[in-house]
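*Asks:* Heads up: the sequence lines are chains L and Z, in that order.
Heads up, the first sequence is in the working numbering, so the first residue is 1 and it goes up one at a time.
Heads up, the second sequence is in the working numbering, so the first residue is 1 and it goes up one at a time.
In case anyone wonders, no lab produced these hints; they're calculated from the structure.
Please note that the accuracy of each hint is not assured.
Straight-line alpha carbon distances no greater than 27 Å define the calculated DSSO-like cross-link-like pairs of lysine-lysine that follow [as the list claims (entries may be wrong)]: (1) 220(Z) to 18(L); (2) 18(L) to 134(Z); (3) 106(Z) to 21(L).
In this text, all values refer to a predicted model and were calculated from it rather than measured experimentally.
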Amino acid sequence: MSKFSGKAFTVARHEFLKTVKRKEFLFMTFIFPVFLAGITLVPALLAGMTPSEDQSVGYVDITGSFDFPEEVTDGGFAVGPFGEKSSTIEFVRYEDNPEASRALRAGEISSYLLIPEGFLETGVIELYVSEKGVTVPRANLAADLSDIVVTSLLQDEVDEAVLVRVKDPVNIKMFDIGEGGEANEQGVADILGDLGLPFLTAFLLFFSIFSASGFLLRGVSEEKENRVIEVLLSSATPTELLTGKVLGLGAVGLLQIVVWISAVALGASYALPLSLDPFLLFLAVVYFLFGYLFFASLMAAVGAMTSSLQESQQVAGIFTFAAAAPLVFMQLLLTKPDSLLAISLSLFPITSPVAMLVRIGATEVPFYQIAASLFILMISIHGVIIFSSRLFRAYLLMYGKRPALREILRNMREG
Amino acid sequence: MHVVEVEGVSKSFGGTDVISDISFSVEKGEIFGLLGPNGAGKTTLIRMLLDIIRPDSGEIRVFGASLDPAGKDRIGYLPEERGLYRKTKLVDMLVYLAQLKNVSRKQARENAESLLRSLGLYEHRGKRVEELSKGMQQKIQFLSSIIHYPDLVVLDEPFSGLDPVSTKTVKDRIIEYRNAGKTVILSTHIMEQAQTLCDRILVVDRGRRVLYGSVEEIRKERGKNSLLVEFAGYGSGHGSEYGSGLDAGFGTGLGTGLGTGLGTGLGTGLNVGSGAGAGSGGDALSVLRGIPGVRRIVEHEEEHKKFVEIFPEDGTGTQAILEELVRRVEVLRFEQALPSLNEIFIETVEANANE
Numbered sequence: 001m002s003k004f005s006g007k008a009f010t011v012a013r014h015e016f017l018k019t020v021k022r023k024e025f026l027f028m029t030f031i032f033p034v035f036l037a038g039i040t041l042v043p044a045l046l047a048g049m050t051p052s053e054d055q056s057v058g059y060v061d062i063t064g065s066f067d068f069p070e071e072v073t074d075g076g077f078a079v080g081p082f083g084e085k086s087s088t089i090e091f092v093r094y095e096d097n098p099e100a101s102r103a104l105r106a107g108e109i110s111s112y113l114l115i116p117e118g119f120l121e122t123g124v125i126e127l128y129v130s131e132k133g134v135t136v137p138r139a140n141l142a143a144d145l146s147d148i149v150v151t152s153l154l155q156d157e158v159d160e161a162v163l164v165r166v167k168d169p170v171n172i173k174m175f176d177i178g179e180g181g182e183a184n185e186q187g188v189a190d191i192l193g194d195l196g197l198p199f200l201t202a203f204l205l206f207f208s209i210f211s212a213s214g215f216l217l218r219g220v221s222e223e224k225e226n227r228v229i230e231v232l233l234s235s236a237t238p239t240e241l242l243t244g245k246v247l248g249l250g251a252v253g254l255l256q257i258v259v260w261i262s263a264v265a266l267g268a269s270y271a272l273p274l275s276l277d278p279f280l281l282f283l284a285v286v287y288f289l290f291g292y293l294f295f296a297s298l299m300a301a302v303g304a305m306t307s308s309l310q311e312s313q314q315v316a317g318i319f320t321f322a323a324a325a326p327l328v329f330m331q332l333l334l335t336k337p338d339s340l341l342a343i344s345l346s347l348f349p350i351t352s353p354v355a356m357l358v359r360i361g362a363t364e365v366p367f368y369q370i371a372a373s374l375f376i377l378m379i380s381i382h383g384v385i386i387f388s389s390r391l392f393r394a395y396l397l398m399y400g401k402r403p404a405l406r407e408i409l410r411n412m413r414e415g
Numbered sequence: 001m002h003v004v005e006v007e008g009v010s011k012s013f014g015g016t017d018v019i020s021d022i023s024f025s026v027e028k029g030e031i032f033g034l035l036g037p038n039g040a041g042k043t044t045l046i047r048m049l050l051d052i053i054r055p056d057s058g059e060i061r062v063f064g065a066s067l068d069p070a071g072k073d074r075i076g077y078l079p080e081e082r083g084l085y086r087k088t089k090l091v092d093m094l095v096y097l098a099q100l101k102n103v104s105r106k107q108a109r110e111n112a113e114s115l116l117r118s119l120g121l122y123e124h125r126g127k128r129v130e131e132l133s134k135g136m137q138q139k140i141q142f143l144s145s146i147i148h149y150p151d152l153v154v155l156d157e158p159f160s161g162l163d164p165v166s167t168k169t170v171k172d173r174i175i176e177y178r179n180a181g182k183t184v185i186l187s188t189h190i191m192e193q194a195q196t197l198c199d200r201i202l203v204v205d206r207g208r209r210v211l212y213g214s215v216e217e218i219r220k221e222r223g224k225n226s227l228l229v230e231f232a233g234y235g236s237g238h239g240s241e242y243g244s245g246l247d248a249g250f251g252t253g254l255g256t257g258l259g260t261g262l263g264t265g266l267g268t269g270l271n272v273g274s275g276a277g278a279g280s281g282g283d284a285l286s287v288l289r290g291i292p293g294v295r296r297i298v299e300h301e302e303e304h305k306k307f308v309e310i311f312p313e314d315g316t317g318t319q320a321i322l323e324e325l326v327r328r329v330e331v332l333r334f335e336q337a338l339p340s341l342n343e344i345f346i347e348t349v350e351a352n353a354n355e
């Protein structure tokens, strides 16, 4: 991309305005975050709004050795600012199975438990529910019951402290050891911030790079398909067209990622006690720009070489798949961010933008590695742009069969 | 001044010569026809003129120098493969295309609106291209090539897909443009249009230059030196007695220069002996018998009007024949027959193919 001319600017502005007005863009930029937020927040909201599920549960204790409390109350778990909901189970005692069964059919209780004779040997407790209007047994009913069983069996045998430990044996607390050796306790929010946010940022980065370079691919293929390209080429040079398109659509992508990241930042501060590291945000933008330039130039060459949108998307799919590799290796990147594979992924130009961002979130990445990955990316961008603009010029006006690999290589050399 | 100069240009694609050693020049203020059968290399030649593709060898100068960005802004181009942004509003698209020619946005908008008005498309300015009829799209395409009032317009098959009314509109525009001192390069394979519109032509066949020069000169050069004569008492309502008709007419075919400047008429060959005048029967025609220096007389009929084509012997003056005719009949029309560009074109291309 040599000199920046007025025509490149005209092309850039046209591409920017045209794309920003597209329905797909508006949808992806503004509706998609809302949609994402919806997926995460709606269940919590629903949980917050449904009335607490108080139930009456009957029981028949054939062994006669258990001591059921009148009721148990559980603190529910809810994400975000919607508060906790508690629900209560009331236990009703019945003498035998037929009596409990009648009560169930009469709707006095939602279900009943039967503790059979051989419970101590088998550990089996039977739960009976009504055939119609199936009541879903609460997830923590088993936990409640096991508390009751433990209490009944051990109450008079062991100390109160031992009883509590048997009910709730282990709790793990996590600590960071900092540079100076000081230990910091990690809460849930920190873990989410360390693992969830890098994932989210990387995911959004991947999406915005590909939606912007996808627009470029579409634009080039469409102009080739509807033959406008010949008129454009009679007015501007291929380099001006390429520069203008890359810049205009880069601005579109930048706008999109800014909207998304603001949405994440806003949503995060609202739903979770988190703050985003400004340095991470800055790097996200830098990696967006570099990653975009790299892929956009690739896509431009692909768009120029193929003769229809459909064909171009097939070829471009290969690159998209390669670039999605870091998302596939996400678990490895998060858990072993310093492994050789993770480091390679964060240096290799096709995968580096996404992989490096994940690693930065997951670990302290040495500065030289960040610098190296940016440097490698820059060199690759330079190379890709040179080859792309040569191919762009050579193939824009060719229709028909897809060029052979050898011919493509020859055109790359000759320009 | 030469607007375009092409010297010894060649181009090959994948080992096949598409253009070989072509030279020509286009002068300011003329309509220059670039003619040739399909696949002759016209479009490649045009693309090289516009610096969309580069020649393998040879030199191309536009506006006196090799084409620079400023030069590109002075050219308008209507490609053969038509294409417009389908989903963009007419005005927006025209403004964008004009801006790419370095016309200011304000000026571009003014040009677009006045041109749309002049072609009667102003009411459609807010529509998207895909909402327009095909004919309208063609007009818009033409309009987009002159949106920046270029000094040189290159039109590749401008009339294809146009109805007669639109064809006339575009034709008038082209002539208007030339009369305003601008230069037009017109590529077409419709020879009637080339003959009426073009000042000079270049005929390309299989990448080679086969004819080049002014339309008048070429026609005179290729003329059979025959004369078309119409006279009173011959013609209307008088059926031919020689078993005239299609067979005879086409039998004599192109080789005898049957066509005239007016187009191809039906004719009957009348082979007469050298210097013998007209041969058999025909009351009216008999008066032409015995004109000295006439080799052959051929009868023609065009829209129920009959006329004869007289082929003088070499060395016989046109003037002498006219004098002789005036003595015998009342001459209504007397003109030198020139072959149509169409005939010359077919003849040249066929001859080229037989080589």
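*Asks:* Hints first: check each against the structure and report whether it holds.
*Replies:* Going through the hints against the structure:
1. 220(Z) to 18(L): violated (55 Å)
2. 18(L) to 134(Z): The given pair, whose Cα atoms are some 24 Å apart, holds under the 27 Å limit.
3. 106(Z) to 21(L): Within the cut-off at roughly 22 Å; holds.
In summary, the structure is inconsistent with hint 1 from the numbered list given earlier, while agreeing with all the others.
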